[in-house]
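Q: Keeping their order, the protein sequence lines are chains A and B. Position 99 (the first sequence) corresponds to 99 in this note's numbering; numbering is contiguous. To convert, take the position in the second sequence, counting from 1, and add 1000; that gives this note's numbering.
Bear in mind the hints are in silico, worked out from the structure with no lab data behind them. Watch out, some of these pointers could steer you wrong.
Claimed, not checked - Below, a list of computed lysine to any residue pairs in the SDA-like style, where the Cα atoms sit at most 25 Å apart: (1) A:193 x B:1269; (2) B:1002 x B:1259; (3) B:1193 x B:1164; (4) B:1002 x A:79; (5) A:242 x B:1002; (6) B:1002 x A:258; (7) A:108 x B:1108; (8) A:242 x A:108; (9) B:1193 x A:245; (10) B:1242 x A:182; (11) B:1108 x A:298; (12) A:2 x B:1037; (13) A:108 x B:1296; (14) A:2 x B:1318; (15) A:2 x A:300; (16) B:1193 x B:1204; (17) A:108 x B:1243; (18) A:242 x B:1181; (19) A:193 x B:1259; (20) B:1242 x A:300; (21) A:242 x A:231; (22) B:1242 x A:298; (23) B:1193 x B:1258; (24) B:1193 x A:298; (25) A:108 x B:1069; (26) B:1193 x A:269; (27) B:1108 x A:317; (28) A:108 x B:1319; (29) A:2 x B:1258; (30) A:242 x A:296; (31) B:1242 x B:1069; (32) A:242 x A:300; (33) A:193 x B:1097; (34) A:242 x B:1269; (35) A:108 x A:296.
Said to hold, decoys possible - Derived coverage of chain A by chain B (criterion: at least 3 residues anywhere in the stretch with Cβ under 8 Å from a Cβ of chain B; other residues may be distant): (36) 93-107; (37) 267-280.
Glycine included, each C-beta is placed from N, C-alpha and C at the ideal position.
There are 2 protein chains.
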Amino acid sequence: MKIAIAGYGNLGRGVEAAVTNANDMELVGIFTRRDPTTVTVATDTPVFAWNELGERAANIDVIVICGGSATDLPNQTPELARLTCVVDSFDTHANIPQHFANVDAVAKEAGTLGVISCGWDPGLFSLARLYASAALPNGADYTFWGRGVSQGHSDAIRRIPGVVDARQYTVPVEAAVEAARSGNNPELTTREKHTRECFVVAEEGADLAVIEQAIVTMPNYFADYDTTVTFISQEELDANHKGLPHGGTVIRSGHTGLNDEFADTVEFSLTLDSNPYFTGSVLASVARAAHRMHANGEVGARTMFDIPPALLSPLSAEELRAHLM
Amino acid sequence: MKIAIAGYGNLGRGVEAAVTNANDMELVGIFTRRDPTTVTVATDTPVFAWNELGERAANIDVIVICGGSATDLPNQTPELARLTCVVDSFDTHANIPQHFANVDAVAKEAGTLGVISCGWDPGLFSLARLYASAALPNGADYTFWGRGVSQGHSDAIRRIPGVVDARQYTVPVEAAVEAARSGNNPELTTREKHTRECFVVAEEGADLAVIEQAIVTMPNYFADYDTTVTFISQEELDANHKGLPHGGTVIRSGHTGLNDEFADTVEFSLTLDSNPYFTGSVLASVARAAHRMHANGEVGARTMFDIPPALLSPLSAEELRAHLM
């Protein structure tokens, strides 16, 4: 199957690696809004201008769209779903129903399939919540993120005057994870669940106390958390904080039995050296499923909730039953 | 939807509780091979003789078959798939392809749907292996079971002359779990992965050394494991070992990146107070999905690998996208 990538940042690189390493997929092009001659990619995949997508779409089975959720995907995914099947990683949870509706309308009209909000959260974590709640309808869900880099929070710090560079780690509070596992269905506040660790490079002569205050009081991003700020040199940041590790844990604890007499816990966790490369690998598997579902006549919008899991794998149904069941 | 249970042991009780507690399902009958007048069930569900299944099937959407894998399900599942949709928990992994083929042939002919090998292993653990291998194609899988009661191993001990009662716990070796998590893809032997703890009630005057030797040298069951045998009184067994707790962990560690430069770990685990009640709860959710898939025109055999996850949940697709994605 012929796969294209639209948007070449960290996530695009992750998809490029995953598709290149898959035997059943061919990466036929990387499309960029930049001047293609200025974009160096990791493989020998041809790079095209974004506006060539229309004329080249007939030769593409699935476009994996690697834009951001804030401003790119709300437009790009419906736009490209007019051309062929698409997969995205739209992760603004509150806007998923609207994005789904937008993609669904276009894809149904165009006869294509669009799978939105793929990756690990939303994505594999969503699936963990769904399977766990189907198996344990009487229970409570907890999602913990980290220890990992939040790019959105890092960007928010970089926008503060006097800040040169920054890296923010989201850190789950181990006591809260243990409480969630306990089966007592505790009510956990935002502050109890995660802390935020900020590593900041300041301009020479900047007032560090002012920067720290601007960070820890920032609404939505930091004010509701116990936040620590550590000022470091650019060299130290480059040496120790350039990676994009992430991960987290979904826990559902609940009860079975006619009168809730049995307590059970379901837990799913990820530990990732590279968030974008793992997410890209998930998107590649969804592209495979999207192509297969479309070949079966399905059109419209979908999420990973709608994908029969066998379709994600390069193995045949027989191989899966024989070896993974 | 109208659900029936065929076979009323521990698993049947688990399905009974789960279906009774689900708002969208009605438990219309429990079918037994025993004399129905001798069977007392936990709810006010009517109990029928097994041979009434044929005449009552028209009023049943899905039969959840709660027999054993060794001799019951290989016959029962194809037999009942002639009548209506069925779900089973067939767990003899090596025979799943043959069982699938048998059910598929009957169900296609009868226009029914049969979902086999549901529960947690096979079942949710199989799904964890599948999702993790799709996301991390370059990696290795590890499955650990326990700490939990193996009914098959407990039964094997009870068949030894001089044994009155027994309970066997399968226990994962923590060092092996840690090694699997490490990402170094260790080769782990059977002995390195699990130990077996046996609590045995012996007949008065029995030669305990002979019983212990018979256990620890038993081929397939114990010979390949570090097995400990503890003789206890019937009172102590009844007081401390009557439950059926179980659980376990599926771990996949692997690499992403064009040249495998990033190491990732995916982990799924269950901690269950009651193995049969949790398994019964999973089977109830699969019965829901089976009914929906059949209503969409699907016939033949399926496994949980083929079920779009949204179909397992009582929530609508819109609710799932809004709240669990």
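Q: Please go over all the hints and tell whether each is borne out by the structure.
A: Here's how the hints hold up against the structure:
A C-alpha spacing of about 21 Å is found between residue 193 (chain A) and residue 1269 (chain B), which places the hinted pair at or below 25 Å, so the restraint holds. This hinted pair does not check out: residue 1002 (chain B) and residue 1259 (chain B) have alpha carbons roughly 53 Å apart, beyond 25 Å. Proximity of residue 1193 (chain B) to residue 1164 (chain B) is assessed by CA-CA distance (about 29 Å); at most 25 Å being required, the pair is judged violated. At roughly 44 Å between alpha-carbon atoms, residue 1002 (chain B) and residue 79 (chain A) are farther apart than 25 Å, so this suggested pair is violated.
The suggested pairing of residue 242 (chain A) with residue 1002 (chain B) is violated, with an alpha-carbon distance near 56 Å, which exceeds 25 Å. With a C-alpha separation of about 18 Å, the suggested pair residue 1002 (chain B) and residue 258 (chain A) falls inside the 25 Å cut-off, and the hint holds. Under the criterion of a C-alpha separation no larger than 25 Å, the hint pairing residue 108 (chain A) with residue 1108 (chain B) is inconsistent with the structure, at around 31 Å. Restraint check for residue 242 (chain A) and residue 108 (chain A): the C-alpha separation of about 42 Å exceeds 25 Å, so the hint is violated.
Under the criterion of a C-alpha separation no larger than 25 Å, the hint pairing residue 1193 (chain B) with residue 245 (chain A) is inconsistent with the structure, at around 29 Å. Distance check on the hinted pair: residue 1242 (chain B) and residue 182 (chain A) sit about 22 Å apart at the alpha-carbon level, within 25 Å; holds. Taken as a hint, the residue 1108 (chain B) and residue 298 (chain A) pair is honoured in the structure, with Cα atoms around 22 Å apart against an allowance of 25 Å. A threshold of 25 Å between alpha carbons decides the hint, and for residue 2 (chain A) with residue 1037 (chain B) the separation of about 63 Å lies outside it, so the pair is violated.
For a cut-off of 25 Å, the pair hint linking residue 108 (chain A) to residue 1296 (chain B) stands: about 19 Å separates their Cα positions. Only pairs whose Cα atoms come within 25 Å are accepted, and residue 2 (chain A) paired with residue 1318 (chain B) is rejected, the gap being roughly 31 Å. Distance check on the hinted pair: residue 2 (chain A) and residue 300 (chain A) sit about 20 Å apart at the alpha-carbon level, within 25 Å; holds. Our distance criterion of 25 Å between C-alpha atoms is broken by residue 1193 (chain B) and residue 1204 (chain B), whose separation comes to about 35 Å.
For the hint linking residue 108 (chain A) to residue 1243 (chain B), the alpha-carbon distance of about 52 Å lies beyond 25 Å, and the restraint is violated. Simply put, residue 242 (chain A) and residue 1181 (chain B) have alpha-carbon atoms about 24 Å apart, close enough for the 25 Å limit, and the pair holds. Under the criterion of a C-alpha separation no larger than 25 Å, the hint pairing residue 193 (chain A) with residue 1259 (chain B) is inconsistent with the structure, at around 35 Å. Pair hint residue 1242 (chain B) plus residue 300 (chain A) does not hold up; C-alpha atoms about 52 Å apart against a cutoff of 25 Å.
For the proposed pair residue 242 (chain A) and residue 231 (chain A), the alpha carbon gap of about 15 Å is at most 25 Å, so the pair holds. Between the alpha carbons of residue 1242 (chain B) and residue 298 (chain A) the distance comes to roughly 50 Å, so the proposed pair goes past 25 Å and is violated. A hinted pair counts as satisfied when its Cα atoms are at most 25 Å apart, and residue 1193 (chain B) with residue 1258 (chain B) does not qualify at roughly 32 Å. Restraint check: the Cα-Cα separation between residue 1193 (chain B) and residue 298 (chain A) comes to about 44 Å, which exceeds 25 Å; the hinted pair is violated.
For the suggested pair residue 108 (chain A) and residue 1069 (chain B), the alpha carbons sit about 44 Å apart, so the restraint of at most 25 Å is broken. With a CA separation close to 21 Å, the supplied pair residue 1193 (chain B) and residue 269 (chain A) stays within the 25 Å bound. Between residue 1108 (chain B) and residue 317 (chain A) the CA atoms are separated by roughly 17 Å; this keeps the pair inside 25 Å, and the hint holds. For the given pair, residue 108 (chain A) sits about 21 Å from residue 1319 (chain B) by alpha-carbon distance, which is consistent with the 25 Å threshold.
As the CA atoms of residue 2 (chain A) and residue 1258 (chain B) are separated by approximately 18 Å, the hinted pair is consistent with the 25 Å bound. Proposed proximity of residue 242 (chain A) and residue 296 (chain A) is contradicted: the alpha carbons are some 43 Å apart, above 25 Å. For a cut-off of 25 Å, the pair hint linking residue 1242 (chain B) to residue 1069 (chain B) stands: about 22 Å separates their Cα positions. Among the hinted pairs, residue 242 (chain A) with residue 300 (chain A) is inconsistent with the structure: their alpha-carbon atoms are about 39 Å apart, more than 25 Å.
Between residue 193 (chain A) and residue 1097 (chain B) the alpha-carbon distance is near 44 Å, which puts this suggested pair outside the 25 Å criterion. Taken as a hint, the residue 242 (chain A) and residue 1269 (chain B) pair is broken in the structure, with Cα atoms around 31 Å apart against an allowance of 25 Å. Distance hint between residue 108 (chain A) and residue 296 (chain A) is fulfilled; the C-alpha atoms sit about 15 Å from each other, no more than 25 Å. With 4 residues having a beta carbon nearer than 8 Å to a beta carbon of chain B, the region 93-107 of chain A meets the requirement of three or more and the stated coverage holds.
Coverage of a stretch by a chain is defined here by at least three residues with a beta carbon nearer than 8 Å to that chain's beta carbons; for the region 267-280 of chain A and chain B the count is 11, and the condition holds.
Hint compliance for this structure: hints 2, 3, 4, 5, 7, 8, 9, 12, 14, 16, 17, 19, 20, 22, 23, 24, 25, 30, 32, 33, 34 are broken, all remaining hints hold.
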